[in-house]
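K.L.:
Sequence:
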Amino acid sequence: MAQLYIYPKTGEPSSFPLGARRVTIGRASTNDIVLSDQYSSGVHAVLAPSEKGYVLIDQGSKNGTFVNGRRVNGELDLTRGDEILIGSTRFYFDRDVQPAVETVEGTTFTHSSNTIIQVKDILRKPSATSVPLKTPGGGLDLQRFQQDQKMSAVIGEVSQALIYHMPLDKLLEHIMDVLIQHLPMDRGVLMLKNEVSQALEPKVVRVQNGALRTQSIFVSQTIVKTALERNSAILISDIQADEGLRAQASVVQAQIHSAMCVPLWNNQDIIGLIYCDRASLLEQFSEDDLRLLTLLANLAAVKIENARLYEESVKAMQYEREMSLAVQIQKNFLPRDEPDFAPYDISGNARACRHVGGDYYDYIPVEKDRLAIVIADVSGVGVSASLLMASLRGALHERFPADFGLSDLTSKLNDFVYASSDSHCFISFFLAVLDRRAHELAYVNAGHNPPLVVGAGGGVQTLASTGLCLGMFPAQPYEERRLTLAPGDILCLYTDGIVESRKGEAEEYGDARLAERVREHSGLTAMEIRDRIFEDVFAFSGCTEAGDDMTLVVVKRER
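With the first letter of the sequence shown counted as 1, position 75 gets the number 155 in the numbering used here; the numbers rise by one all the way through.
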């Protein structure tokens with residue numbers, strides 16, 4: 081059952097169990113949690129069960145309700161460990177207040193009572209004859225035998241406790257709960273290495289001694305370095321007898337007498353460590369405690385690594401499903417057939433990479449002798465990119481044919497994309513209407529790669545941008561431009577996956593190479609030109625599939 085931990089400005093801390101009913105908080109005596117706080121309202125806030133866990137609902141309080149420093153407007157889903165502030169009273173949702181954990185420099189540990197043991201030596205299974213279970217007089221060392229039996233029982237119990245899969249954050253909490261049950265620690269910290277920076281990060285803190293609850297935990301960098309670099313378990317059995325450690329202000333303040341530090345070694349790599357200490361002079365950690373903690377830490381490290389691998393595999397499967405769905409969405413809105421629009425030969429194709437994005441091209445009949453041709457590329461990858469492009473396609477088809485000029489139509493599409501997408505999403509977009517009687521091409525280019533017009537005589541014209549990408553800013557103007565296509569002229573529309581394909585790290589395929597290939601194959605059909613360009617791009621980059629989405633549309637006037 082979830083708990084709400086309560087810390088009034090004056091008075092003793094307490095906790096309140098949260099069940100399946102609403103819990104009211106405020107100054108009035110009728111509340112479930114009554115606050116003696118002049119800054120709280122009569123009924124200040126409500127905690128209520130929800131599908132995700134619990135929500136916090138401010139009841140229109142005068143001074144507000146704050147979660148992690150931000151004022152709550154309406155209701156807010158709570159996450160374990162959230163700090164709630166009502167007046168001058170602090171609450172912690174389902175996790176008690178956590179003391180700060182820091183590593184400190186300039187300490188040594190040299191006292192003869194300290195113990196440093198290689199983890200591998202502790203984990204190595206001794207032979208039956210290597211462990212002296214007999215006393216010097218020849219009798220059975222009953223105390224040693226009982227201790228070994230107890231340790232074996234604990235390891236078996238912990239192994240069973242950790243056998244079931246659970247999310248990594250819950251697993252880490254469970255590991256520390258299990259350790260506390262079997263080791264007499266006052267404070268304990270589980271720290272994991274950041275997978276990128278390799279810096280240690282506290283993940284779970286447990287404080288069993290109420291007198292130490294508000295004090296920071298300082299861990300000697302020397303101890304940490306020794307544990308990690310030498311893969312060793314360290315026992316400081318009497319900190320007060322060690323001059324280097326005894327001088328630490330934190331040790332003096334907390335009256336720490338003994339400590340242990342053990343690496344989390346998964347039999348291949350050290351992924352973090354566990355540190356724990358004791359304030360009691362009479363109940364110091366022993367070498368048996370160190371051995372037990374080391375064995376349990378090894379079990380925990382293996383389980384943590386397995387949980388990470390499992391979560392990575394789940395994410396990979398989710399990603400594959402998302403990509404598969406994105407590919408299907410993309411296929412559904414791309415043209416299935418080429419348009420019959422003589423005397424123009426038209427052919428397009430989209431080659432999706434594994435990380436499918438939002439490339440889109442389309443043909444939309446406007447009138448008998450007018451055809452709209454579209455090519456676009458949405459920022460981002462995956463389902464969100466494909467859904468945004470599908471929305472654009474729907475909006476575009478809804479407005480065609482319509483009595484809009486291309487400029488007005490593009491401005492309306494821009495406002496639609498701006499209103500229906502996140503601030504980081506935008507679409508490069510090229511829209512043209514080809515009139516086959518007048519052989520005139522009217523177009524708008526909203527930040528898209530400039531299409532190429534390769535003339536029958538070999539000259540090249542680029543159709544530059546006439547406005548910003550869709551969705552960047554609202555109410556944007558777009559200029560419509562026109563040009564005439566002569567017999568033998570070839571219009572080539574493409575996305576950046578074509579021209580940004582690379583040979584190695586430096587050289588890009590580029591616009592000039594694309595124009596040269598169109599010129600080189602100008603005697604072929606539109607489909608043949610299209611296919612030859614794809615082949616050339618793959619040959620140039622040395623890849624057999626697209627590294628980025630590649631879309632190409634070729635429009636050739638035959639006569």
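Hints in this document: simulated from the structure, not taken from any laboratory.
Among the hints, erroneous ones may be present.
[Unchecked claim] Here are the computed lysine to any residue pairs in the SDA-like style, where the Cα-Cα straight-line distance is at most 25 Å:
#1 Lys250 x Val394
#2 Lys89 x Gly149
#3 Lys283 x Gln301
#4 Lys250 x Pro97
#5 Lys250 x Ala475
#6 Lys132 x Val147
#7 Lys230 x Lys273
#8 Lys273 x Val184
#9 Lys142 x Val184
#10 Lys230 x Pro264
#11 Lys305 x Ala359
#12 Lys583 x Arg639
#13 Lys448 x Glu478
#14 Lys492 x Gly537
#15 Lys492 x Arg431
#16 Lys492 x Pro415
[To be verified] With beta-carbon atoms standing in for the labels, derived distance ranges:
#17 Ser109 x Ile235: 49 to 57 Å
#18 Asp157 x Phe96: 46 to 54 Å
#19 Glu402 x Gln198: 22 to 30 Å
#20 Phe484 x Gly99: 53 to 61 Å
#21 Ala544 x Gly622: 27 to 35 Å
#22 Asp502 x Lys142: 31 to 39 Å
#23 Ile235 x Glu155: 42 to 50 Å
#24 Thr110 x Lys132: 21 to 29 Å
#25 His519 x Glu588: 31 to 39 Å
#26 Gly133 x Ala396: 47 to 55 Å
In this text the structure is predicted, and so the values were computed from the model without any measurement.
Using N, Cα and C, we set each Cβ at its ideal position, and we do this for glycine too.
K.L.:
Indicate, hint by hint, whether the structure satisfies it.
P.N.:
We went through each hint and held it up to the structure:
1. As the CA atoms of Lys250 and Val394 are separated by approximately 17 Å, the hinted pair is consistent with the 25 Å bound.
2. Proposed proximity of Lys89 and Gly149 is supported: the alpha carbons are some 17 Å apart, at most 25 Å.
3. Straight-line distance between C-alpha atoms of Lys283 and Gln301 comes to about 18 Å, which keeps the hinted pair within the 25 Å bound.
4. Under the criterion of a C-alpha separation no larger than 25 Å, the hint pairing Lys250 with Pro97 is consistent with the structure, at around 19 Å.
5. This hinted pair does not check out: Lys250 and Ala475 have alpha carbons roughly 45 Å apart, beyond 25 Å.
6. Our distance criterion of 25 Å between C-alpha atoms is met by Lys132 and Val147, whose separation comes to about 17 Å.
7. Taking the CA atoms of Lys230 and Lys273, the gap is near 31 Å; set against the 25 Å cutoff, the hint is violated.
8. For the suggested pair Lys273 and Val184, the alpha carbons sit about 17 Å apart, so the restraint of at most 25 Å is met.
9. As the CA atoms of Lys142 and Val184 are separated by approximately 43 Å, the hinted pair breaks the 25 Å bound.
10. Between Lys230 and Pro264 the CA atoms are separated by roughly 15 Å; this keeps the pair inside 25 Å, and the hint holds.
11. As the CA atoms of Lys305 and Ala359 are separated by approximately 23 Å, the hinted pair is consistent with the 25 Å bound.
12. With a C-alpha separation of about 37 Å, the suggested pairing of Lys583 with Arg639 is violated against the 25 Å cut-off.
13. The suggested pairing of Lys448 with Glu478 holds, with an alpha-carbon distance near 18 Å, which does not exceed 25 Å.
14. Distance hint between Lys492 and Gly537 is unfulfilled; the C-alpha atoms sit about 38 Å from each other, more than 25 Å.
15. Between Lys492 and Arg431 the CA atoms are separated by roughly 29 Å; this puts the pair beyond 25 Å, and the hint is violated.
16. Simply put, Lys492 and Pro415 have alpha-carbon atoms about 24 Å apart, close enough for the 25 Å limit, and the pair holds.
17. Restraint check, Ser109 to Ile235: a C-beta distance of roughly 52 Å satisfies the suggested window 49 to 57 Å.
18. In this structure, Asp157 and Phe96 break the distance hint of 46 to 54 Å, their C-beta atoms being roughly 19 Å apart.
19. Checked against the hint of 22 to 30 Å, the C-beta distance between Glu402 and Gln198 comes to roughly 45 Å, which is inconsistent with it.
20. Separation of Phe484 from Gly99 is about 59 Å and conforms to the stated range, judged on CB atoms against 53 to 61 Å.
21. The hinted window of 27 to 35 Å between Ala544 and Gly622 holds, with their beta carbons roughly 31 Å apart.
22. The beta-carbon spacing between Asp502 and Lys142, approximately 35 Å, falls within the hinted interval of 31 to 39 Å.
23. Between Ile235 and Glu155 the C-beta distance comes to about 46 Å, which sits within the given range of 42 to 50 Å.
24. One distance hint, 21 to 29 Å for the beta-carbon pair Thr110 and Lys132, holds here, with the actual separation near 28 Å.
25. Between His519 and Glu588 the beta carbon distance is about 33 Å. The supplied range of 31 to 39 Å therefore holds.
26. Between Gly133 and Ala396 the CB atoms are about 27 Å apart, so this pair departs from the stated range of 47 to 55 Å.
The structure fails to meet hints 5, 7, 9, 12, 14, 15, 18, 19 and 26 from the earlier list, while all remaining hints are met.
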